[in-house]
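*Asks:* Here is what each chain is made of, one letter per residue.
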Amino acid sequence: MKTVHCLADMNIGETATIQAIHVDTGFQYRLNGLGLRIGKTFEVIRHAPFNGPFHLRVGNTELMLRRQDAKMIEVLM
Amino acid sequence: MKRIALIGMPNAGKSTLFNRMSGASAKVANWPGVTVDLLSSKLLLAGEMVELVDLPGIYDLHGFSDDEQVVRHFLANNTVDLVLIMANASQIDRQLSLTLQLKSLDMPAVLLLNMADEAKKMGISIDAEKLSAELGYPTLLLSAKYGQGYAEAYKTIESSLQHSRARPAQSLEQDFAVDQAMETELDSIVKHSVDFPVQVGNSTTEKIDRVALHPVLGLPLFFGFMFFMFQAVYTIGGPLQEATAWLFETFRDIALVPLLSALPPLLNGFLIGGVYDGIATVASFVPIIIVFFLFMAIVEDSGYLSRAAFLMDALMSRMGLDGRSFVMLLMGFGCNVPALMGTRTMRSRGLRLLTMLVIPFSLCSARLQVFVFMTTALFSPQHAPIVLFSLYMMTFVIVILTALLFKGRFNSQEPFALELPPYRLPTTRQMILRGWHEIGHFLKRATKFITIGVVMVWILTNMPFGVEPASAASWSGIIGEFMSPILSPAGINPELTIALIFGFVAKEIVIGALAVIYGLEGSALMTGIAQQIDWVQAYSFMLFTLIYTPCLSTIATLRAEAKSGWFTTISLVWPLTLAWVISTGFYQAARFLGY
Chain A
3 MKTVHCLADM
13 NIGETATIQA
23 IHVDTGFQYR
33 LNGLGLRIGK
43 TFEVIRHAPF
53 NGPFHLRVGN
63 TELMLRRQDA
73 KMIEVLM
Chain B
4 MKRIALIGMP
14 NAGKSTLFNR
24 MSGASAKVAN
34 WPGVTVDLLS
44 SKLLLAGEMV
54 ELVDLPGIYD
64 LHGFSDDEQV
74 VRHFLANNTV
84 DLVLIMANAS
94 QIDRQLSLTL
104 QLKSLDMPAV
114 LLLNMADEAK
124 KMGISIDAEK
134 LSAELGYPTL
144 LLSAKYGQGY
154 AEAYKTIESS
164 LQHSRARPAQ
174 SLEQDFAVDQ
184 AMETELDSIV
194 KHSVDFPVQV
204 GNSTTEKIDR
214 VALHPVLGLP
224 LFFGFMFFMF
234 QAVYTIGGPL
244 QEATAWLFET
254 FRDIALVPLL
264 SALPPLLNGF
274 LIGGVYDGIA
284 TVASFVPIII
294 VFFLFMAIVE
304 DSGYLSRAAF
314 LMDALMSRMG
324 LDGRSFVMLL
334 MGFGCNVPAL
344 MGTRTMRSRG
354 LRLLTMLVIP
364 FSLCSARLQV
374 FVFMTTALFS
384 PQHAPIVLFS
394 LYMMTFVIVI
404 LTALLFKGRF
414 NSQEPFALEL
424 PPYRLPTTRQ
434 MILRGWHEIG
444 HFLKRATKFI
454 TIGVVMVWIL
464 TNMPFGVEPA
474 SAASWSGIIG
484 EFMSPILSPA
494 GINPELTIAL
504 IFGFVAKEIV
514 IGALAVIYGL
524 EGSALMTGIA
534 QQIDWVQAYS
544 FMLFTLIYTP
554 CLSTIATLRA
564 EAKSGWFTTI
574 SLVWPLTLAW
584 VISTGFYQAA
594 RFLGY
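Chain order of the listed sequences is A and B.
In terms of our numbering, the first sequence opens at residue 3 and continues consecutively.
In terms of our numbering, the second sequence opens at residue 4 and continues consecutively.
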């Protein structure tokens, strides 16, 4: 049974599907452009040191996302 | 004249295509409705001249960053006959969204899927014909970097241009009615025409990232890599600089001096001791700059800069900045001007201004010339690269200090996400183009600032008539003496003061000015300066040069980008104050300790 989590709580190597994105419209456009859309599946590759950003892979795109902004994204895993 | 606009996401290879299509003829131009300059070029397609405009790389036509607004305003205010959409073939699953947005605007377009070679290697197969049929746009695979697929692309562009119906300038806003359906459409198109392997990803990139982004080793590796790079620039560029300086000296002694000996002494002195010595001294540093930019080209194109952003973002966020600010600082090592323009991707004004406030502290290639000159003159070959590296580290110290002091004033809550593209190497062609571009850039600055600068310095050091050049009685001596109460606590003598004053216009003038003031060139100039000042004064002078005020072009760019008089004032006054405090502090402390 899959449950809803916060992206910021995900561990390295875990995969999840995006359920909801609670950010301002401008940033939502940016995330969409980078491939982070509702329904897309992604993987957490690593975290940067000092509580730094997440390194994610969506499809064939790799990107970094700040921990603080990752809190705004609900995922299903 | 028909007009083609080039649109694509960042990292899609748009500028590579633009450079290939335009050759070297690109020009900066103003456009209706657009406040920034865009590159454009005229080229011959299907027997007629066509204008090609390079628009900034964007993720989304709706976005709120300056870059995205530029594209929107351009399309709303200018008639476009054809749009060339550049997309990365291996990321077609997301990059196609921009194409669909343009399609909803009824924009006549051709879709170019770049990096087809890379996609193929990853096992991604794209049915271009099927894609073309579904999109209603001619679609082609190519490799802008290696030049594959160009002939085909040109043919398609030419025929599309002949048959396309231009989209007249009109507002975009009402055109954005349907958007939700687009995602479904995108997924279905990709499903029909693209075949992805089960396991996507770039294994080489993964392997490099495991080391480069290592939680403990990542940052030390980054700084170690930077040290290695600057050491290499110094080791390779140093002898080249000496050789070039020797060539200029020899040319002066065997050709110029005999040739101009018939001229009256004052004119002769002006031409040789002023114009020639000044420009030749500056020009002798061009090889170092080229070597430097070749390394920069590799780093910029490699994808490592966004890794630096990833590694540094946590630290930068504590200073009110983000990973992009750090990348722009690194870009600023080349030249501060494009680094300032690079802040256009930031949406929050606070973040953008704070980043623009710290970029001018970035030790740019013009300042590098001054420092290579000074360190070679005053330090041993073993110590010189370390001294140089310490100045690069000083950039970061000043940036941290400034950001921490001003972050309260320039507040930002901007969220931040950045693509980490696969690692790539530039081709030899791209590197040669870069080197060539830097020579052109130097010549432009030489004709504009450097010549005028050294001429002015010559006048100041040789006027009024009959004075001993650069003596206390000359104009430069008078100015130097006048400034002396302010700058002598920092160990900066009247000669160096004049150089600093002209360095305000462009840092390249500093060494040209020293050549004119001391009446020496090349190695003789270095020896002459080493006899006059010691290493403590030299380091204090370098600290001042690093911090005080970026060149005039940087200030002009800063003003244009910030559109604020008080911000421009702060970014003039603060560095000037800081330069004085730090140089004086260093000088007095070193003297106090007995150096």
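One thing to keep in mind: the hints can contain errors.
[What the hints assert, rightly or not] Chain B regions said to be covered by chain A (calculated; three or more residues, Cβ under 8 Å):
1) 41–52
2) 88–99
3) 141–149
4) 305–316
5) 421–427
[Stated by the list, open to error] Okay, derived cross-link-like pairs now, EDC-like style, lysine to aspartate or glutamate, Cα gap no bigger than 16 Å in a straight line:
6) A:K42 <-> A:D26
7) A:K42 <-> B:E188
8) A:K42 <-> B:E51
9) A:K4 <-> A:E76
10) B:K5 <-> B:E51
11) A:K73 <-> B:E417
12) B:K124 <-> B:D190
13) A:K42 <-> B:E417
Don't read these hints as lab results, they were simulated from the structure.
C-beta: ideal position from N, C-alpha, C; glycine also.
*Asks:* All hints, please: hold or fail.
*Replies:* Each hint, compared with the structure:
1. 41–52: It is violated: at least three residues are needed, and the segment 41–52 of chain B offers just 0 whose Cβ sits closer than 8 Å to chain A.
2. 88–99: Since three or more residues must qualify, the claim that chain A covers the segment 88–99 of chain B holds, with 4 doing so at under 8 Å.
3. 141–149: violated (count 0)
4. 305–316: This one holds; 5 residues, not fewer than the three required, reach chain A with a Cβ under 8 Å.
5. 421–427: holds (count 5)
6. A:K42 <-> A:D26: Distance ~19 Å between A:K42 and A:D26 Cα, so the pair is violated.
7. A:K42 <-> B:E188: The given pair, whose Cα atoms are some 15 Å apart, holds under the 16 Å limit.
8. A:K42 <-> B:E51: Given pair A:K42, B:E51 is violated - Cα atoms ~45 Å apart, limit 16 Å.
9. A:K4 <-> A:E76: 13 Å, holds
10. B:K5 <-> B:E51: 9 Å, holds
11. A:K73 <-> B:E417: 14 Å, holds
12. B:K124 <-> B:D190: Violated - the C-alpha atoms of B:D190 and B:K124 are around 23 Å apart, more than 16 Å.
13. A:K42 <-> B:E417: 24 Å, violated
When each numbered hint is compared with the structure, violations occur for hints 1, 3, 6, 8, 12 and 13.
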